[in-house]
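Q: Sequence:
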Amino acid sequence: MSLEMDITSIQKLFEAGGLFKPASDDSIAGRPNPPENYWYEVYQRDRYGDTNTIREFETYAEALMFKNAHPDDDFGIDKWMNDGEYSEPVSDWTPEQEVNEAGLFKPATDADVINREDVEAQKLRAERTARQAEVGADLQYLMNMVPLVRALEQQLMDMPIGNHGERDDEGFPTKVSFSIKIYNIKVPEWAREKYDSLGLESRAEYDIQQEMANQLEMFAEGLQNDINIIDAWFQDGRMGGWLVLDLASVTDMHDVRRIVDNYDNVEFVIDDTDDWHSRDFVSAIDDLDAYKRLIEKRIEDLSAIARRVEKARRNVEKMFSSDEYWQDFFERYEQEAEEAVEESV
1 MSLEMDITSI QKLFEAGGLF KPASDDSIAG RPNPPENYWY EVYQRDRYGD TNTIREFETY
61 AEALMFKNAH PDDDFGIDKW MNDGEYSEPV SDWTPEQEVN EAGLFKPATD ADVINREDVE
121 AQKLRAERTA RQAEVGADLQ YLMNMVPLVR ALEQQLMDMP IGNHGERDDE GFPTKVSFSI
181 KIYNIKVPEW AREKYDSLGL ESRAEYDIQQ EMANQLEMFA EGLQNDINII DAWFQDGRMG
241 GWLVLDLASV TDMHDVRRIV DNYDNVEFVI DDTDDWHSRD FVSAIDDLDA YKRLIEKRIE
301 DLSAIARRVE KARRNVEKMF SSDEYWQDFF ERYEQEAEEA VEESV
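First residue of the sequence shown? That's 1 in this note's numbering, and the numbers climb one at a time after it.
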């Protein structure tokens, strides 16, 4: 086994999890001498396969250093008992056995492992502190924005969507519905008596339904023109008493969603952005700020839609309860009756 192979074996032990640490010179000097039950022979085989002793050593470490000092001589090492009985060839040993036999390493105590973990934790904290200082105000601004955005997202998720609404996987409304049922039409007494006397009750109900459809179409198209988050609108429900609005997506900013989901933990941010520079944080802040404004605008738009729907519904009830509407109704009827008489003459 060459010196290079021995060193590689030792490195593997280091990388195996820190269970061994190099012994100090003082530690080695303070150890008791190894028991004199064994000695180590450095040998070389001749061309006939016979073993020739080159040198004998009391410890394996000395034998190994001598062997590795002559890498071109193809030396081997055997372990012998002091009574002259052959023990075993070193060539059969595992790398761990070689390290233990040489006595260059000793197992770390539990206290050593704990102290080493403390040192690693302190080192990590120091790196994070230095990293935080490096990105400074940009990181802090980003971290301060995340809870604000979370609160806005929750506010959007809590907004009512009506009986025929839907939400996406994030909980954001993708379809909202508003009741447009009319319950409070108060037809003036004189108008009711008149259309009863003329037998126009069915005609009055038909005209109301037609006018409601016209009013809804004008209202929904105006709403869609004014508020650009509405992709489409339609009526739903057993009697068509719900106005349903399909909304544009608000969750297509996946990188920004990742910031919101993960960047509320400063240690995660430091570890996850170890290759970021200040300009990267500025870019993330810009994206998050744009996302924040998008959520704020969505909340504002949905609140405005709800107010406008309710106002329009009350206005329709007021219109059908007014004298003006019924005066127009009877004027249309009388004009149609006159036209019908003229056509029959």
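Check each hint, because a few of them may be wrong.
Below, a list of computed lysine-lysine pairs in the PhoX-like style, where the Cα atoms sit at most 25 Å apart [stated by the list, open to error]: (1) 318 with 186; (2) 194 with 297; (3) 175 with 318; (4) 181 with 318; (5) 297 with 318; (6) 292 with 181; (7) 175 with 311; (8) 186 with 297; (9) 292 with 175.
Don't read these hints as lab results, they were simulated from the structure.
All values reported here derive from a predicted model rather than from experimental measurement.
Q: So, for every hint listed, does it hold in this structure?
A: Cross-check of the supplied hints:
| no. | hint | verdict |
| --- | --- | --- |
| 1 | 318 with 186 | holds (8 Å) |
| 2 | 194 with 297 | violated (50 Å) |
| 3 | 175 with 318 | violated (28 Å) |
| 4 | 181 with 318 | holds (14 Å) |
| 5 | 297 with 318 | violated (31 Å) |
| 6 | 292 with 181 | violated (35 Å) |
| 7 | 175 with 311 | holds (20 Å) |
| 8 | 186 with 297 | violated (38 Å) |
| 9 | 292 with 175 | holds (21 Å) |
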